[in-house]
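Asker: These are the residues of each chain, in order.
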Amino acid sequence: MTRPTAETRAEALRAMVLVRRFEERCAQLYQETKIHGFLHLYVGEEAVAAGTMPALDPADNVVGTYREHGHALLRGVPAGAVMAEMFGRVDGCSGGRGGSMHLFDTARHFYGGNAIVGGGLPLAVGLALADRMKDRPAITACFFGEGAVAEGEFHESMNLAALWNLPVLFCCENNLYAMGTALDRSEANTDLSLRAASYGMPAWPVDGMDVEAVAATAERAVAYVRNSGGPAFLEFRTYRFRAHSMYDPELYRDKSEVATWRGRDPIDLLVERMVEAGQADPDVRAQVEAEVDAEIDAAVEFAEASPLEDPDELLTHVYADVSADGGT
Amino acid sequence: MTDTAASTVELRMPALGADMTEGRIVEWLVEPGDHVDRGEIVAVVETDKADIEIEVFRAATIGRFLVEPGEVVPVGTPIAELEATARGAAPDEAPEAEEAPSATEVEPEDAAEAPAGRETPTPHATHVTSPLVRHLAEQHRVDIAHVHGTGPGGRVTRSDVEHAASTIPAPSPAPSREPSREPSREPAQAPGGRPRVTPRARRLAEEAGIPGERLGDLATNGRPVTGADVLDAGREARGPQVPDVDPMRRRIAELMARSWREIPHYHLERRLDVGDLLDRLRSLNEQRSVADRILPAAVLLAGVAAAAQGVAECNGWWRDDRFHAADHVDIGVVLSLRSGGVIVPTIANADELDVDAMMGRLREIVERARRGRLRGSDLAEASITVTNLGDQGADAVFGVIHPPQVALVGLGAVRDDVWADGDSVRVARTVRASLSGDHRATDGLTGSVFLAEMNRALDRLLREETP
Amino acid sequence: MSTMTGRTAMRAAMQAALQADERVFLMGEDVGRYGGCFAVSTGLLDEFGPDRIRDTPLSESAFVGAGIGAAMGGMRPIVEIMTANFSLLALDQIVNNAATLRHMSAGQCGVPLVIRTTTGGGRQLAAQHSHSFDGWYAHIPGIKVVAPGTIADFRWMLGPALADPDPVIVFEHGGLYGVEGDVPDTDPGVPLDRAVVRRPGTDLTIITFGGTLPTCLSAAETLATDGIDAEVIDLRSLRPLDDATIMDSVARTHRAIVVDEGWRSVGLSGEVSARIVEQVFYELDAPVGRVATAEVPLPYPRHLEQAALPSVDGVVEAARAAVQGDVARMAIPGRR
Amino acid sequence: MTDHRSTVRAAIARVAPEIDPDTIADDEQFRDDAGLDSMDFLNVLAAIAERTGVEVPESDYPQVTTIAALASYIDAHTEQGADTG
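Chains as they are written, first to last, in my numbering: chain U, 1 to 328; chain X, 1001 to 1467; chain E, 2001 to 2336; chain F, 3001 to 3085.
The set of hints was computed from the structure by calculation and includes no laboratory data. Because the structure is a prediction, the values reported are computed rather than measured. Some hints could be false.
What the hints assert, rightly or not - Computed beta-carbon distance windows for the label pairs:
{"id": "1", "chain 1": "E", "residue 1": "Arg-2252", "chain 2": "X", "residue 2": "Glu-1254", "range": "28 to 36 Å"}
{"id": "2", "chain 1": "X", "residue 1": "Gly-1063", "chain 2": "U", "residue 2": "Ser-256", "range": "45 to 53 Å"}
{"id": "3", "chain 1": "E", "residue 1": "His-2139", "chain 2": "X", "residue 2": "Glu-1162", "range": "24 to 32 Å"}
To be verified - Output of the computed footprint for chain X on chain F, the stretches with three or more beta carbons under 8 Å from beta carbons of chain X:
{"id": "4", "region": "3012-3026"}
{"id": "5", "region": "3041-3048"}
{"id": "6", "region": "3054-3062"}
Idealized CB from N, CA, C, for every residue including glycine.
Assemble the whole structure, with the sequences as input and the hints as a guide.
Answerer: Below, the structure is given as structure tokens:
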């Protein structure tokens, strides 16, 4: 397990600040009616993506949910392509057709967001099955919220992966609230790691606000899956600082709880640790934010310059062959 | 937030949900002059679903309030002015270009539709047509190369193809499976309630010119009137086994009207002395059984064929403002049908037929025309037409050219006529042959050469025929 | 040419596909050791082993979703959903993933997956095991839906379905597994999306597919005895529909009835009827008739089930009404 | 001796299907009244020749301008031959 160095910490900091500033810019652009529809922001949970993505190989598969901007950015999808997708433009990573909840980049084995809670879990099992049958050493990391645990597909997928011993890394981002329903109001047993273990796979709970803890555990889990070929389960205990989506009065949780979790902002935790270790000076966050903001400005300009798709293309990609459906 | 002056920034009513179009300030949580950091809550906005706190996205000092609590304003309306505070090394956001239109100029609906903001989509150098448009063109049998593209950069769009498809000339009036494009007229309301008539029946009735109100009485024992009923009705009206000439009738009527409108006709006539020819034929037919006898009409047709072959300017078509000579002589022979109307089958390569062969072809087309069993080959395009009403005793006939042909030969009845030879006079059996010509293609001289050539051909045929 | 039953023909088709392409594998409940609920996959486990003939837990959403994922990963899976009735549990994966991924990802993900399932009633399995949902799936852009009605199609339809780059659902009528029919020894090469005229005729067109094809063919023989020459069209493909073959026939016969084991309301028979009215309206001498299952959950007792299902008599009566233009009798919803 | 008028009417019906031969009176002129043109007349004679073996030469055309005349002409020229009526 690589020891955390000044360099890896600097990279983690930049990754988390990129996601944080990207998401905040999306909030602003949404309120300026440049982004439409639904928008689910990753603010507060950045450490999970920042910690897990470096542990994966390029050939590994990633399957996400509708809160997947951070995963896409840190998996390497360019900020411009993600922003253009938010704007519904042709140069978006899904051609402008998917929007915030359906980011795709198969060249980077990023098999999308998915707007159906738990919808991606069976896909991940299938991708791992294909790798297994083709003797490819790749693993599949599947991200989902604790809300998915209540879906039948969670149980069916965990069981199938364990039964067939498939290389799936189940990454549960437990942010305590499934939209407006707290975990303890929907699950009889809220110890998700314990439940995962019942499927006969190793399960680790992790402090989702500590990027170094996340990275260390992720590396161990990825190594286990890759070597054993079988599945593993990670429960990241984390918290989203903003609303579930842009239209959420947050009546289901009180301000004090939000304040206490904000006190453990993953970016602040890392900065303190770096400053104490003399690896950075106190205003390192502002410097990184300035660099990142320039990158995000460029991404917004790229998105705004990208054209809308020609309506004549509407029927393409329904089938591989445009005339397969008689064009009806 | 958009800048109007270098440092003054407008705070606008934010869009706080997919379907939010307006909001009401419930209360301001700050006062003008207060300093706020990025992310700080400055007001509470009431939407139709709930009250939601709104934040600032950059450190600033609160300026003037532009909207009072309780006032409902559309999304994007400026609600307060803020003085941006310079922050650290880099400004929070690169100042956006001056001409950024504020959100208010864009109606919320538009905002929901097209993303507002200053960008104008740069012309996208896509390929000229999309696969879908090419597929659509195939379906409508439209050649994309000839379609004018109205899309950006001259690109051919879907509506261009659909427009091109709709201007393709409607299929020939002969009833084809393809339903005709123009909407059918609603038949008049039958007295005492609307008769039940099937769509096919309505279409066939309209094509056969049967008025809507008469349709009702075609129904039998209360069943709806069907296509078969209309066809039967049409057949009864025309008598048994008579080929259905109505569509042909209509087509020829249109043809004649168009001919008269477009073609500047000139007419020439020449009397032909056919006395020797008829004697010759009689002696020839004496040795032949009835089935092999030759009628004068066959000989005259052979004469026309020879003339057409000799005077090519009369044998072809006038299209796209110029004459196109035909490679062969295909004669359209006008046959009148007892049930009324005419039919014009074609004798192909007439110039290569000897008189016997011509007689055989003539007998075939007359017989088939009588039985209404004309073949496709019979109706091939003619290069010149001959009308021969002689039988019914007309002395001469000046016909109307069948467009797009450029000439028509009319043959009158055989008549005993006074014929002067030098200073002596005798009675001769004559036929008055006329030529109607299209003055755009030929002029009187060519026409008269044609008739002279025809006369010489008859003499030649006279001598060549061996008993 | 040889004769065999529907199940034997489909087994031969899967066997050939598994032999020809190592990307192909079969996944479904009891397809391996049990040999398939309807004995369609008997013997395949012994020949191809547990890696390619995979028994699954009763988790339709998971193994259909896994099939989709494996297809995205480069395999060519055949997923067997034991019966169409249980396909409802996998509808979310089929509609929101299989049918949508290619368009939503602007062409990046394709899903070359074949789902086979058994459909239809008539075997006294009662309401929950006798459904016909072909029409539902034919509503969804992004997937293709086919229904073999002849034993030859049971043999030769799977190949082109597996070769198709997009998801294809094959609805096999349970009643045809035990029926014998002639099967050509080599692939007749009929395109997947082409309808076929099974019996040419002049007086009306009977349009049907799958399990009701035999019903319509025998109805046509009955009609022939009283002078009505019926043309029978086997749709084979429910999405896309082969409009050209349908319209060409109706333009000749000027009368049409559609026979569908699904329910009448908001069903596939309604879609075919609408297309006929849209495309060859002026060729019609009678309203388009429809013969469908009575709008009831299929009852267990045989006499009631037969009363509910489309029958030879029902087809004959509807055909007569169409030919005699007796509009009143044709308008009886559902009842024979 | 058969009545050849029916033979003539049959010939007319074959040649000019759209004419009902019964509507043509025995003494009606073929050419002008019945509307048969020279080709029809020639075909009638050909049919008669085929049925009765009687070939009417062109010179005798004026003697056979009505159904009755043609019928009696056939009678006159078939006495020697076998009766094929």
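Asker: Now tell me, hint by hint, if it's right for this structure.
Answerer: Here is how each hint holds up against the structure:
no., hint, verdict
1, E:Arg-2252 with X:Glu-1254: 28 to 36 Å, "holds, 29 Å"
2, X:Gly-1063 with U:Ser-256: 45 to 53 Å, "violated, 32 Å"
3, E:His-2139 with X:Glu-1162: 24 to 32 Å, "holds, 26 Å"
4, 3012-3026, "holds (count 5)"
5, 3041-3048, "holds (count 5)"
6, 3054-3062, "holds (count 5)"
Checked against the numbered hints listed earlier, the structure breaks hint 2 alone; every other hint is satisfied.
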